[in-house]
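Novice: Listed here are the chains, written in short residue letters.
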Amino acid sequence: MKKARFVLLVGFALLLVFSFSFLFAGKGEKAGGGKAEGPVELVFWWWGEQEAVGLEVWLNETVTLFEAEYPNIKIETVLQATENVIDDFTTASAAGTPPDLQYLWNGIYHMENVWLGYIEPLDDWIPADELEDMWASDLSFYEGKQYRAGWYLLPMGWAYNKKLFKDAGIPADMTPPEDLDEWWQVCELLKQQGITPIGAGFKDGFWGEWYTGHGLVQNEDHVSDTTKLVVGEYSWQDPRWHEHWVILENAIKAGYFNEDANSLDLYPGIDLIKTGDAAMVQTILTLIPDIESYLGAENVGIMPMPKFGRGKLAGKPVVDVQGVGISSQSKHKKEAAEFIRFMHRPDRSTALWEQVHVFPANKNWKGEDYVRDANSLEQWKWFTGDNTGYIPNMIAWTFDAEIMYTAPQILMAGETTAAEIAANADDVMERWREENPDLLESHKKWAGVD
Amino acid sequence: MRGPCGSPSYTRKMIKYKWWQPLLYLTPMGVVLLFVYGYPLVRVFDFSTRRIRGASGPFIGLDNFRFVLRNPVFHDAVRHNLFLLVGVPILVILALIFASLLFEQPRGWKFYRFSLFLPYILAVPVVGVVFSYLLMLNGALNEILRAVRLDVFALDWLGSPKIALKSVLAIIIWKEMGFGIVLFFARLMSVSEEIYDAAKIDGANWWQTLWFITIPQLKIVIEFFAIVTIINLLSWVFAYVYVISRGGPGTSTQVIELWIFNKVAHGAPNPGMGAAASVMLFAVTIVLIFTLLKLRLSVGEDE
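Protein chains in written order, with our numbering: chain A, 3 to 452; chain B, 38 to 340.
Same shape as in the complex, but just chain B (with noise of 0.2 Å):
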């Protein structure tokens, strides 16, 4: 029996094998993630209850987790991830409201299209050092806005404490818009037209179009954007702190892996408190990525 394309056509039935062939035909790939993401997460774990010197240190119990939650420093760290938090409501509804206009394939769609994904696809340290150079207190922003006259909001972007965190927080919903925009777009050239058509025949103006067929139809791909973001802003973010601003001024800009990396480089004044610290946003993040999962297949069920 052959299928449609003349390859052999398999059923489960068809294909015989003990039960433990296909865990032996896994084992070396097993073996391999074992040690590539096991063995460090174990001496992450054996790090966070040692005063580590060199490789090793004497065992300490929990005080590294004691020393990292007493921290002023780790304590604004925090604050600040749980404050970029605010990005992933903003991402989603401008990566919707972008996705749904291009998918009305108005003129030059294909060039909006590329514009609004280029970001995405560049590194990190990239958009990092240009904007600290168009956000300087002098830098090309500012001039344009001092040239038309708008002086009163040239303000000191990347060096004022009481900005610099929405600051690097607009230049990653800027960098991270284009992936929920084409995961958007690609999800809505598979709905039907049909739908789409009844909608305009009904009468559905923009919005209740947007509002009663476009999110429903993107519910999933909507949570797993949402799901991707938490993470992100979460522990994902360290690359933009350090390029942009190494956590400053001040501690302003301070996040969680900033902070753990000043805690294991720069002669590594104390790597225990930093895999302590890695181990509560390892938990945390386990606990999310649970928690929404288990809130998926919940709502799933319902459905």
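Extracted from the complex, chain A is given alone in its bound form (with noise of 0.2 Å):
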């Protein structure tokens, strides 16, 4: 009896050091599978289709293409969701097993990798004449190198119903507004025909986040000016830094919003106008298409945000640009930069456009040779005429949380004003500061306000 037990004791440990030692055995084998023999493998995580709708088939397509011209390299795509895009790559390149390739959100969203060592400058992986044509924006750059290609572009601004407009009296020379008494005009005739005059939707905070890009930028003289309010050279309560808190609080004031912005996410809100519900909503302009599916192309227009601010940047298109880097620890950087050039040859950039419909980041195509209806070369203009980045980019995401998304929240249950906004949002930053102190030094060196 003793003995039948003693023997199953050490049976069961046996089992136990086998299937440890098969655990660890397994993980070496893969390690050694990045030595360059057979096929290379590359897994490419991305994001994008919330945004721009058949970015999947298009990357499909693009994938089976540069598999048949390269046979010996496969692609793996790995759709990622929103709330995870970013913070997966750098858990995934903490504990060494980042994918080869990886979307990008332009400024902070990539910038934090690449201070952490996590993604590769592509510098010396893509001509230099080539990478140019990429089309990644000046957030992309640390300490003169380039950290990310475009892949696609990204106009943000208003839309507007025409019908609407037309049905409230509003004349044709205020056909979008322009400047802000024009705005307020516009609200108001809307309003008095019973028409909700802005559409939102506050509960998620991202509304909040692409109003600051909107407004704040219209006090700036250069997008550096944002990095300077990060790292404490100026401050928020500065009227000219919270003006456009102040002009959100006026609107809601004046009820220019509809009344359950607080109850809806950023979506919802942007569907009010689809639905006619609402005259105009902020929005990013690859939805144009889907809101003209719904009211016909010929009652859609689309406009920067009225004037308001004194800053040289005032009145201009926000532009950005989502795009794609290499991981530093890729096994494969040459096979992955390859990939990238072949994403941004002429066909597929041509097939995003004619798939996706979303500019490709290609400063070699253009637009004016296949763009056709009015919307999208009235957004053409904003990339190949004068506009501003995306600002929020170059602001650290504990003010997103804390500030940008909660701001119209307080301000539409009447709970606050916007100079107590700028009062916390000085106080956000300065204890971000005082927390992270390297991070502050690396924004200084990225924004160049040493």
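None of these hints come from the bench; they were simulated from the model. Nothing here was measured: the structure is a model prediction, and the numbers come from that model.
Simulated pairs of lysine-lysine, DSSO-like, Cα-Cα distance not exceeding 27 Å:
| # | chain 1 | residue 1 | chain 2 | residue 2 |
| --- | --- | --- | --- | --- |
| 1 | A | K255 | B | K203 |
| 2 | B | K199 | A | K255 |
| 3 | A | K76 | A | K333 |
| 4 | A | K165 | A | K318 |
| 5 | A | K383 | A | K276 |
| 6 | A | K147 | A | K335 |
Reassemble the complex: the two chains are provided individually, in unrelated frames, and hints are given to aid placement.
Specialist: Written out as structure tokens, the structure reads:
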């Protein structure tokens, strides 16, 4: 009996040992798989289907064509959720298992990973002239190196319902409104006709970030003014830096927003224009075709946020670029760079426009030759003309969560004023600077405000 | 010697083993548990003392704790978690009343039991999303209230900072009550009927029966349910808040777990602070559990 128990015990111990050794042997094998024997396998974590409907089809087609041309390279694409597209890359990089290629939002969203050393500069892998044409914005550079290639362009602005404007008797010279006075007059006329002037959803907070992108920039002479607010050179309590919240406060008090804005998330708020329940919405303009499908293209107009500020950037359209980069831990950087170059070939750029209806981040692609509809042509002009970047990309995320997201919500609830939000903004940034001295220094270097 | 069902009937004395043998058998599972629970716990404690960048970072002592304790949003979160504890007596009382009513076994009581337990088995995200729509300013609930001319009660349930947290609490109570009802009901089913018969003969009414028989009989189960609910409301409400309100409007429904999540997610702005808050929450929960267990033991000894 004793012997049987002993045998059982030894057997169980051996089973455990074998299980663990298989577990670790398997891991070793995978690591060994990185050797250049056999086909190269690239992993690409990406996002974007929400704002560029059809991107998945385009990407799959691009991968198929690429694999046909490079039979020794296989690419596995993994669609990521909004909540973890960046987090997962950071976590995987820390664990030493990042993808080879990574979708990257602009500015701080990828720059913090650059500062951690998780993203490879592209300069050594892609010829300089090609890289220049890949339309990444200035926010993708750090200490002279470029860490991101553009993928598709993202114009940000406001959409308005021309029919509702007409029904409300808004004169043609105020369609669309170009400055604050005109905007107020338009809102008042719409309201008098029982039409909600501005549709919005504040609940998930993103509306507040977009609004800061359109509003704060109007008093800036250069986007680096944003960084001066981050590093504490400027105070949010200076009326110049919170005028946009004063305007929001006044608009809310005047009843220009839908009364259920605090109950709605960002996208249901945008949908209000589709159903004719609001005359204007703040939106990413890649959604315009969808809005046009509801209202008819002839009834939809686009505009930058009406001009109110005194900065050099006031009234300029806001544009952004979504992009892609290479993990610094990738064992196949050359192949990954080759795929990025393939994504930017003229035929793939044109396919991106034709299939997804977004502008490719390719300076050699001439939109004038392909774009036909009025709203898209207007957006193309925004990119080729004078514009400004999306400045929330330059602000630490803590500020999003504690200020930008919540400001419209508490203004809507009548619980605060723009001045109080500004005072709170200074507190939040001051705490952030003390808690993150290393990031503060990196911010300074990044924006050149040392 | 064989037991009543034909199985061998052993007594403790009959099984002979060395003192270390049980420990040896337990070791593999102990190692696994230590790895699964112990390692992350050690890492969280380690993170709480570092400025985490990626997988580690420089040691900064107790600075993270200082940063957490001075953060006004964290203060709001703690206040809101404490407010949610109001739900404990409400949950206990409601579960007690419904369990007692079910125990009477009125006509259709099985259907009522199923209906009352159903919310508990629904996934929190599903409940959260459904209630988010129901409780919108122009949602179904307010539409009904307006239709029956009760406009005055058609509030912005989740959009007003004044009532958003109360709305979240109401949803939690609706969902969690089923657990209490089933616990209490199961215990009541094992109480001797003679006690209730005796009470009837003595002329006790429903309330007297509840107060003098049901509650004393349920004491241990009530205590267990209360402890579990306290722990849940302190450190298990993230899913509700994340789905229903994301902490807003403003910070009106911010809770400790969501605050921690915001520190470790979204590009990981400050995981060290998130870890420090987690350590504090862990400590409070442990103290609470041990206090309650000690209380329970002392009550048991008195009895």
